[in-house]
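Chemist: Sequence:
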Amino acid sequence: MKPSAVICQLHFAEEARQGTHIAITLHNPIARRFRFIDCTAFTRDDTLRICEFEEFPIFPYSTISHVWKGKPPLDDHDRRGTFSVAGDRSGGDPISIDVLHDACKVSLMWRAEYLWLDRLCILQNSREDKHWQIERMSQIYRNSVVCVVIPGGLCRLVSLGEETSWISRGWTLQEALLPARKQVLYSWEHGELDDGNITWGSQDSRSSFCRIVEPGRSAVTELYRLLRSRFLYPVFKDARGERITQKVFLFGCDPVAISTLMLASTTYEEAAEARRQAVWRSALMRTSSRPVDMVFSIMGLFGVTLNTHNFGPDDRVGATLALARAILQQGGEAEWLVAAFELPPHPRLNSFPAFPRTAEAGNAYLQTRAGEKRLASLFTDISDSWTDQRCIMHATSVDSNGYLQILCRAVLVTGMEHSVEKAGIRRAHANTNPDERFARLLQTEKGTFTCIVHMYADFPDYDPSGTLDSSIGDSRVQSQSPDLQVDERTRAPSTPNARTFVIDMGRFFYYDCITDCVNNWYGRALLVEEHASGKFHRIGWLKYGLKSVVDNKGGDPFADVEPQSLLLGGPEEITDGR
Numbered sequence: 001m002k003p004s005a006v007i008c009q010l011h012f013a014e015e016a017r018q019g020t021h022i023a024i025t026l027h028n029p030i031a032r033r034f035r036f037i038d039c040t041a042f043t044r045d046d047t048l049r050i051c052e053f054e055e056f057p058i059f060p061y062s063t064i065s066h067v068w069k070g071k072p073p074l075d076d077h078d079r080r081g082t083f084s085v086a087g088d089r090s091g092g093d094p095i096s097i098d099v100l101h102d103a104c105k106v107s108l109m110w111r112a113e114y115l116w117l118d119r120l121c122i123l124q125n126s127r128e129d130k131h132w133q134i135e136r137m138s139q140i141y142r143n144s145v146v147c148v149v150i151p152g153g154l155c156r157l158v159s160l161g162e163e164t165s166w167i168s169r170g171w172t173l174q175e176a177l178l179p180a181r182k183q184v185l186y187s188w189e190h191g192e193l194d195d196g197n198i199t200w201g202s203q204d205s206r207s208s209f210c211r212i213v214e215p216g217r218s219a220v221t222e223l224y225r226l227l228r229s230r231f232l233y234p235v236f237k238d239a240r241g242e243r244i245t246q247k248v249f250l251f252g253c254d255p256v257a258i259s260t261l262m263l264a265s266t267t268y269e270e271a272a273e274a275r276r277q278a279v280w281r282s283a284l285m286r287t288s289s290r291p292v293d294m295v296f297s298i299m300g301l302f303g304v305t306l307n308t309h310n311f312g313p314d315d316r317v318g319a320t321l322a323l324a325r326a327i328l329q330q331g332g333e334a335e336w337l338v339a340a341f342e343l344p345p346h347p348r349l350n351s352f353p354a355f356p357r358t359a360e361a362g363n364a365y366l367q368t369r370a371g372e373k374r375l376a377s378l379f380t381d382i383s384d385s386w387t388d389q390r391c392i393m394h395a396t397s398v399d400s401n402g403y404l405q406i407l408c409r410a411v412l413v414t415g416m417e418h419s420v421e422k423a424g425i426r427r428a429h430a431n432t433n434p435d436e437r438f439a440r441l442l443q444t445e446k447g448t449f450t451c452i453v454h455m456y457a458d459f460p461d462y463d464p465s466g467t468l469d470s471s472i473g474d475s476r477v478q479s480q481s482p483d484l485q486v487d488e489r490t491r492a493p494s495t496p497n498a499r500t501f502v503i504d505m506g507r508f509f510y511y512d513c514i515t516d517c518v519n520n521w522y523g524r525a526l527l528v529e530e531h532a533s534g535k536f537h538r539i540g541w542l543k544y545g546l547k548s549v550v551d552n553k554g555g556d557p558f559a560d561v562e563p564q565s566l567l568l569g570g571p572e573e574i575t576d577g578r
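Just so you know, we're using full-length UniProt numbering here: the sequence shown kicks off at 1 and counts up by one.
What the hints contain is simulated information worked out from the structure, not anything from laboratory work. Computed from a predicted structure; not experimentally measured. Among the clues, some could well be false.
The list that follows gives simulated cross-link-like pairs (lysine-lysine, BS3-like), each with its CA atoms no further than 27 Å apart [as the list claims (entries may be wrong)]:
{"id": "1", "residue 1": "LYS105", "residue 2": "LYS71"}
{"id": "2", "residue 1": "LYS69", "residue 2": "LYS247"}
{"id": "3", "residue 1": "LYS247", "residue 2": "LYS105"}
{"id": "4", "residue 1": "LYS2", "residue 2": "LYS130"}
{"id": "5", "residue 1": "LYS2", "residue 2": "LYS71"}
{"id": "6", "residue 1": "LYS247", "residue 2": "LYS71"}
{"id": "7", "residue 1": "LYS535", "residue 2": "LYS446"}
{"id": "8", "residue 1": "LYS373", "residue 2": "LYS69"}
{"id": "9", "residue 1": "LYS373", "residue 2": "LYS71"}
{"id": "10", "residue 1": "LYS69", "residue 2": "LYS105"}
{"id": "11", "residue 1": "LYS71", "residue 2": "LYS130"}
{"id": "12", "residue 1": "LYS69", "residue 2": "LYS130"}
Generate the whole structure from the sequences, applying the supplied hints.
Modeler: See the structure below:
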């Protein structure tokens with residue numbers, strides 16, 4: 001397959017030395033074309049050759065996953081300098097010649113002679129080309145032979161012990177999941193490690209830890225193995241026989257973000273639901289400079305391609321609604337609903353959690369009355385779990401106002417007893433287990449059951465300093481109120497004679513990313529309240545299936561309950577797609 005044009009052919013001569021920066025020129029590129037870097041020319045001849053193709057390639061190629069703003073260069077790091085495209089106003093870091101050289105070597109290690117890098121293969125100053133490329137981004141990554149992950153950015157390679165923002169960036173999620181192979185490229189001064197000179201903090205049966213790319217400078221390790229190394233640190237012997245414990249902080253120190261990405265990556269048998277629910281959860285913990293990119297960056301993971309011209313840079317609500325409708329239209333499920341039920345709902349898209357603040361750098365934060373809270377820290381119950389939703393709750397459609405129609409097992413709530421003692425949880429035990437401070441006797445038309453109830457009005461932390469009355473059915477429930485609460489827009493005022501239902505989400509399974517074991521957890525359910533005739537919004541969630549120490553009222557509140565149809569959405573109206 002021959003290129004239709006070569007838009008750059010530049011030899012990096014002696015002047016491309018340490019500390020210098022070169023502005024390259026792309027000659028007459030045409031929008032809506034595929035572009036690739038010739039790896040052989042770059043590694044063998046120090047020549048940057050960028051080829052343009054009219055059709056999607058049939059040759060093997062690699063891709064790069066990186067952060068736009070990465071680690072700054074070190075004074076003595078690069079043997080050669082950096083470069084960027086002349087006139088590029090995207091704000092990305094300069095590209096290190098050495099980093100691109102090593103990435104090309106990795107590509108050739110997997111017999112891929114071409115490499116795709118967004119900084120060079122998308123016309124950054126062409127809106128037309130950007131929209132066209134974004135709509136094909138998932139196709140580009142899915143069909144690559146290998147994706148070279150460069151967590152610290154393109155300025156320089158980072159060591160395993162350096163923390164980066166790669167796992168918190170929106171676009172890197174599909175880059176970590178779609179390619180068949182993901183190899184992390186990092187700074188490495190030691191030799192190649194295999195089972196003969198490496199042990200682990202816990203048992204690990206996998207083979208070679210790393211492969212050398214450039215001796216004394218760089219190496220690659222499979223992505224999942226490095227993610228797992230955050231929990232199972234490697235201990236190896238260097239050339240002198242000395243034992244070295246290698247801490248891996250490339251993907252940060254947050255176990256929730258790492259384990260959620262591992263669950264999204266798992267090849268565990270019959271875990272398709274787990275992967276999809278983990279994708280939604282992982283996406284929420286990420287951020288981007290444009291809110292709408294939080295949708296564009298994951299749509300390909302669900303087999304959806306939206307027309308990116310239809311949405312403005314801040315229209316995350318409109319794009320999210322379009323993605324949800326497309327997923328359901330092609331037979332998918334509303335797995336976003338069960339993926340993040342711990343978080344308070346969006347005030348207009350009630351089946352979705354409230355959206356965190358997006359930014360060009362840093363983590364995702366959720367605005368609360370007490371200030372911003374890092375979103376990853378708010379997942380306390382479900383970060384590594386999933387439910388077989390298709391057997392329990394089936395979504396049929398979502399309308400233009402964001403109301404999700406679901407077929408589910410729902411039971412009318414008539415009251416709730418907030419007393420810990422009456423719920424059958426011993427006080428001494430409740431004091432040692434914060435979760436059981438929320439024990440309640442749930443009174444329903446099917447009987448009374450012991451549950452652990454969490455109201456979104458009390459989100460997210462327990463604080464014994466105050467109380468808050470919440471209206472549930474015909475009774476008043478006095479629940480513990482924290483000093484950290486969500487925006488009032490996430491709560492609709494109680495409607496006179498409003499009905500409250502508890503909706504089954506099924507039993508959850510827990511995946512242990514360390515041992516590769518799966519465990520069965522308690523059941524989970526949603527509390528929903530009626531704000532208009534036949535229309536409901538989420539007000540809380542609960543665990544069921546507990547066994548009371550007093551009267552054995554655990555049980556299943558949904559036994560023998562026939563499914564019924566409910567509309568979940570609002571309570572505020574969507575205006576102008578927002």
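Chemist: If you check each hint against the structure, which ones fail?
Modeler: Hint 5 is the one this structure does not satisfy, whereas the remaining hints hold.
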